Amino acid sequence: KEMTVREALNSVLDEEMSADPRVFLMGEEVGEYQGAYKVSKGLLQKFGPERVVDTPITEAGFTGIGVGAAYYGLRPVVEFMTFNFAMQAIDHIINSAAKTNYMSAGNISVPIVFRGPNGAAAGVGAQHSHCYAAWYGSCPGLKVLVPYSSEDARGLLKAAIRDPDPVVFLENELMYGERFPVSAEALDSSFCLPIGKAKIEREGKDVTITAFSKMVGLSLEAAEILAKEGISAEVINLRSIRPLDRSTINASVRKTNRLVTVEEGFPQHGVGAEIGMSIVEDSFGYLDAPIERITGADVPMPYAANLERMALPQIEDIVRAAKRVCYRSVPMAATA
Amino acid sequence: DATPITVETSVPFTAHNCEAPSRTVETTAQELVGFFRIMALMRRMEIAADSLYKAKLIRGFCHLYDGQEAVAIGMEAAITKKDSIITAYRDHCTFLGRGGTLLEVFSELMGRQAGCSKGKGGSMHFYRKEAGFYGGHGIVGAQIPLGIGLAFAQKYKKDESVSFALYGDGAANQGQLFEALNMAALWDLPAILVCENNHYGMGTAEWRAAKSPAYYKRGDYVPGLKVDGMDALAVKQACKFAKEHALKNGPIILEMDTYRYHGHSMSDPGSTYRTRDEISGVRQERDPIERIRKLLLSLDLATEKELKDTEKEVRKEVDDAIAQAKESPMPDPSELFSNVYVKGYGAESFGADRKEVRAVLP
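Residue numbers (my numbering), protein chains in the order written: chain S, 62 to 397; chain Y, 1268 to 1629.
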């Protein structure tokens, strides 16, 4: 069976709200409007306004209310229309949610999910295109999950809602309409993916490519192209930014001896920077080439189509970097 | 001792968008004696914390509540532990009021294992969820939406209980207060916003920070009540009224006119932005403990000697708790990595030198 990422997310909200009366959804336009991106379609009709709560456009206020409800023992799913708007509420995500279990020595846990589209969509400009994976990923106390496929969306969102800790769940607007095959197992209402485990999407032996969210798709396409040129790329779908699956990444690099990290976010202090350092710390002796990173350009997102394209990683960027670390900058045809 | 007696509040309540409750408060000798004892204990505890801080046994920030005790105890007298309370960083006495112990307070202040947060929270982060106390928050104003979130959950679960979110006159200007209050009113949440107006947000006098320092009116469409926060009985009456109101009609604001004798925190002598005369004037005329002492004496419910004895007893209780807290060990180094998550899934966490110190989170 095939399913879009949107349908996958919607089905999880439906199933988890059916299974646990403590789970409720709140956010802007989640109810009567049926979700700004229709992720919550039909839920108001099924669960009523007590459990599908339309909020005013006041992120700091409703995020704080969500966190307070989690303190009390409910399991809120707080939707941000985009994570760009969560900046208005980041104090509650970090100071009120992420740190409370620690500060209270376990007296107050915070079972809450903050979810919504993250990173660049298409043509929405600088204030609506920011990837926050590295920001939230740097903060102990949070778990940060990033689905790529419909199976990821199902398994990771279920894991997030059932988790006793605050989870930041970073979706991607451009992925909502993407269709993926979904196994019977993933369609089962008990299906959960483990938090903190990456998935090897494609096995390879020459170079490791790490990616998350939409970039997994680009990396897989890059791997296809590389294969045609005789380079076998292993593509790792991170799935979890925090905890970060260092062991899977290190094991892969110890096998391939080369690493390219891919992300949409800004390069400085990015997810790639952390992965690269982890390899330097634990697997330096295995490297046959310097680590490379492909990232969003180090500029606020421009609007014009040509500039926006330049500001985001493209398949050819990934291919080029992979070839570089394989010392194969010269096309195969020329060397043959 | 449980015979009902009635006492008039010192000043009338001033109401906004609602009918003020009666000035005649029902109480008992037992309750008044209890008020005296717990307020004297709180006062002594805070004075002792001051000394411990100066002796460098308490680190970092330490915000003391002396002067404001009537708010904490008057509120407790009107509600049950099923009701929730959340406050900012001046939280020692609120914690004690919710049934926390002196040992937990002093151990936490000194960063010891026996602390209410096992030494990991510090002065600003006391909690007691089992008694409806949700902290203990260090970010000015953030506790208000959190408290309204508690009320959201109470209504969601049909618990018939209410939440008190306490904040100062400084936090009263925070935008998120108005955001959360709007939702509380839209959704009829059983939330009571308690503005403890001690007249200074750190060193800024209320009139220098608020265009309208009439905080009980600042909810506009939300009813409010101005209360003499130095009068425990007035606080009790107002909180009882507010609880009934909130369960029936949604949120209400209580402005407690109160005063802190200490500076904002231990680094503030509290004398650059207000006069010594002002402080001593409040002590002489409005002190919450002295008010109850006078009441007990004038109604012949206690003798001077009995009250002096009570003060001696609480002093000893505090001294004993401090001695005991000093015996409590510092947290075990392994506690550095505990409670980061409820479920850590075996993820790794790192010390400063990760090759030397790392842990697997359970």
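These are computed hints drawn from the structure, not numbers from a lab. It is possible that some hints are incorrect.
In silico DSBU-like pairs for lysine-lysine, Cα to Cα no more than 35 Å straight-line [what the hints assert, rightly or not]:
#, chain 1, residue 1, chain 2, residue 2
1, S, Lys102, Y, Lys1575
2, Y, Lys1396, S, Lys160
3, Y, Lys1349, Y, Lys1575
4, Y, Lys1323, Y, Lys1387
5, Y, Lys1622, S, Lys260
6, Y, Lys1572, S, Lys160
7, S, Lys107, Y, Lys1593
8, S, Lys160, Y, Lys1323
9, S, Lys266, Y, Lys1396
10, Y, Lys1507, Y, Lys1583
11, S, Lys160, Y, Lys1575
12, S, Lys107, Y, Lys1424
13, S, Lys62, Y, Lys1610
14, Y, Lys1593, S, Lys160
15, S, Lys258, Y, Lys1575
16, Y, Lys1579, Y, Lys1610
Derived CB-CB ranges, DEER-like [what the hints assert, rightly or not]:
#, chain 1, residue 1, chain 2, residue 2, range
17, S, Val185, Y, Pro1629, 54 to 60 Å
18, S, Val341, Y, Leu1603, 20 to 26 Å
19, Y, Leu1603, S, Pro225, 19 to 25 Å
20, Y, Ala1626, S, Arg385, 45 to 51 Å
21, S, Ser199, Y, Asp1426, 15 to 21 Å
22, Y, Lys1622, S, Ala245, 17 to 23 Å
23, Y, Val1609, S, Tyr347, 33 to 39 Å
24, S, Lys266, Y, Asp1426, 57 to 63 Å
25, Y, Val1624, S, Met371, 41 to 47 Å
26, S, Glu282, Y, Lys1424, 17 to 23 Å
27, S, Arg385, Y, Leu1603, 36 to 42 Å
Some chain S residues near chain Y, calculated using beta-carbon distances under 10 Å [what the hints assert, rightly or not]:
#, residue
28, Phe123
29, Gly129
30, Ala130
31, His153
32, Thr161
33, Gly167
34, Val171
35, Glu246
36, Leu248
37, Ser250
38, Ser251
39, Lys289
40, Gly346
For clarity, every value in this text was computed on a predicted model and none was experimentally measured. By construction, the Cβ of each residue, glycine as well, lies at the ideal position given by its N, Cα and C atoms.
Assess, step by step, whether the Cα of Lys107 of chain S is no farther than 35 Å from the Cα of Lys1424 of chain Y, and give holds or violated.
19 Å, holds
Quick check: does the Cβ-Cβ distance between Val185 of chain S and Pro1629 of chain Y fall within 54 to 60 Å?
Between Val185 of chain S and Pro1629 of chain Y, where Cβ atoms are some 42 Å apart, the hint is violated.
Lys102 of chain S paired with Lys1575 of chain Y [C-alpha distance capped at 35 Å]
Measuring from Cα to Cα gives roughly 68 Å; hence the hint is violated.
Beta-carbon spacing of Glu282 of chain S to Lys1424 of chain Y - inside the hinted bounds 17 to 23 Å or not:
Given a distance of about 49 Å, which is not inside 17 to 23 Å, the answer is violated.
Are the Cα positions of Lys1507 of chain Y and Lys1583 of chain Y separated by 35 Å at most?
33 Å, holds
Lys1572 of chain Y and Lys160 of chain S were given as a pair; does the straight-line alpha-carbon distance stay at or below 35 Å?
Roughly 48 Å between the alpha carbons, so the hint for Lys1572 of chain Y and Lys160 of chain S is violated.
Has the hinted range 33 to 39 Å been met by the Cβ atoms of Val1609 of chain Y and Tyr347 of chain S?
35 Å, holds
Supplied contact hint for Lys289 of chain S, tested at 10 Å Cβ to chain Y:
Given a least distance of 38 Å, the restraint on Lys289 of chain S is violated.
Restraint satisfaction for Thr161 of chain S [CB to CB of chain Y, less than 10 Å]:
7 Å, holds
Double-check Gly346 of chain S for me: the hint is only fine if its C-beta lies closer than 10 Å to a C-beta in chain Y.
15 Å, violated
For the pair we were handed, Lys1323 of chain Y and Lys1387 of chain Y, check the Cα-Cα distance against 35 Å.
18 Å, holds
With chain Y as the partner, please determine if Gly167 of chain S meets the hint condition of a C-beta pair closer than 10 Å.
5 Å, holds
In this structure, the hints that do not hold are numbers 1, 6, 7, 9, 11, 15, 16, 17, 20, 21, 22, 26, 35, 36, 37, 38, 39 and 40, in rising order.
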